[in-house]
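*Asks:* For the sequence shown, our numbering begins at 1 and goes up steadily by one.
If you're looking for bench data, these hints aren't it; they were derived computationally from the structure. From a predicted model like this one, the values you see are computed outputs, not experimental measurements. Think of the CB as a built atom: it goes at the ideal place given N, C-alpha and C, for glycine as much as any other residue. Check the hints yourself; a few may be wrong.
Claimed, not checked - Pairwise CB distance ranges (calculated):
hint, residue 1, residue 2, range
1, ALA346, GLY271, 43 to 53 Å
2, ARG24, LYS375, 43 to 53 Å
3, PRO391, THR333, 35 to 45 Å
4, GLU349, PRO85, 40 to 50 Å
5, ARG477, ARG24, 23 to 33 Å
6, GLU112, LYS375, 44 to 54 Å
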Amino acid sequence: MLARSGGRRDDPLAEYRAERDPARTAEPVPPAGQPLPAGRDDTFVVHEHHTARGRAGERVHWDLRLERGGVLKSWAVPEGPPLEPGANRLAVPTEDHPLEYASCAGTIAAGEYGGGEVAIWDLGRYATEKWDERHVIVTFDGRRLTGRYVLFPVDDGAWNLRKLDDAPPVGNRTPAAGSMPPPAPLPMLATAGQLPAVAEDGAWGYEFKWDGVRAVATVRAGVPTLSSRKGTDITVRYPEVTRLPGALAGRDVVVDGEVVMMDAAGRPDFGALQNRMHRTGPEVPRLAAAAPVTYLVFDLLELDGEDLRPRPYAERRDLLDELAPAGHRWVLTPWFRGGGADVQAASEENGLEGVVAKRLDSPYREGVRSPDWRKVKNFYTQAVVVGGWRPGQGRRAGSIGSLLVGVPDDEGRLVYVGHVGTGFSDQDLRHLQRTLTSRSAPPFDGALPREVTRDAHWVEPDLVGEVAYAVWTADGRLRHPSWRGVRDDLEPDDVVREP
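I would like the entire structure built from these sequences, with the hints used as guidance.
*Replies:* Shown next, in the form of structure tokens:
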């Protein structure tokens, strides 16, 4: 058998349902009798599962799940999937899970089957090379799992999981059963700067700068996926965007845009978006219905198989305007040929973050921060790496009072740039307290102010946030910084000092 099934061929989820009470668990429990969804047999997820075992304390294992035939074939991997070729890891087949479980994360109530904390450790696409009773050979394209892996049975119903090589699922390899589409392009990035000179204004196009999360949308055969600026699949976070506008019916496209949360005045609210950026669990549909996001589209990278990235920006925008992918939660954003000063004035008047100036003749340079695109801000923001915190007082006693933050220098060393003590909601503080990982020594390079080191708690420098600030001081500190939120679409290596 290829993973323990439910005992009845006509209902592979029977065992899964028998072990769960829909009234007590937040896990998805599809009712019996409904047809299985038709997937593409190319989605995988790895869950990190922490369970409490009485006096034995907390235990952790990992669950590998592969979409196959309308369910997730599942294996428990006690020591976690191997990341280097050669090593075998025990993989115990478990019951099939519903496809909705691919976005499941959160708390399973104590006393319920599998009670404890479940987090998504990796999520992505896979391609099948072989799938039979003796071997499952697949190629993963995830954030942590990449390359070819094999699952094979050993003694007493157990299996082993082994990484074979690092070959990517592209080029000459064409997997037999589950062809994997090419990954979404990484978005082109803008450099910080000023508006082009008046004499050059006519050579530039202008768009408003939107205060949200960058996302490239790929639509293949009517199925959309969203990818972050790092290439991570974030589709499960924003299910309301998966309902396509009518203009995309029957069209295969790749577009660039921004996921935003609008306030009552119709302006993007980055703070409100915080409650959606980190969510992948069963609560996501409820949040999407209560406060849906909007996907703002501003570039067209591919249309019906034709790569448009080499074409000039002005041509891509004209084609995008003709396509007009607007409707449901999709909005086509405006752009302007020339008139940069007027566009910036309008952005400031409407409380927007600023404008992005784009050379009309510029191609789309995937993953490149190019001077052909300039972001011109109406207020100052800076991405920062969290390296520690200081305890609070009064209402915040026993919790975080301020964060100690830094920005990498040109050589990659984390340089302390100040502490941030305002702008936090209670939810922000709870999330930060759960997320930060303690360490014994400061992660910052060089000497630190004594008033900071006196009561500091140091943390691993792996969380990126964003602050608003008044100005950079002469000694390289942020003046009056205020917390805007976590930027989980950025890695610490992505952070650069904004002028």
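*Asks:* Each hint needs a verdict: does it hold in this structure or not?
*Replies:* These are the hints, each one checked on the structure:
no. : hint                        : in the structure
1   : ALA346 x GLY271: 43 to 53 Å : 23 Å, violated
2   : ARG24 x LYS375: 43 to 53 Å  : 49 Å, holds
3   : PRO391 x THR333: 35 to 45 Å : 44 Å, holds
4   : GLU349 x PRO85: 40 to 50 Å  : 58 Å, violated
5   : ARG477 x ARG24: 23 to 33 Å  : 51 Å, violated
6   : GLU112 x LYS375: 44 to 54 Å : 48 Å, holds
When each numbered hint is compared with the structure, violations occur for hints 1, 4, 5.
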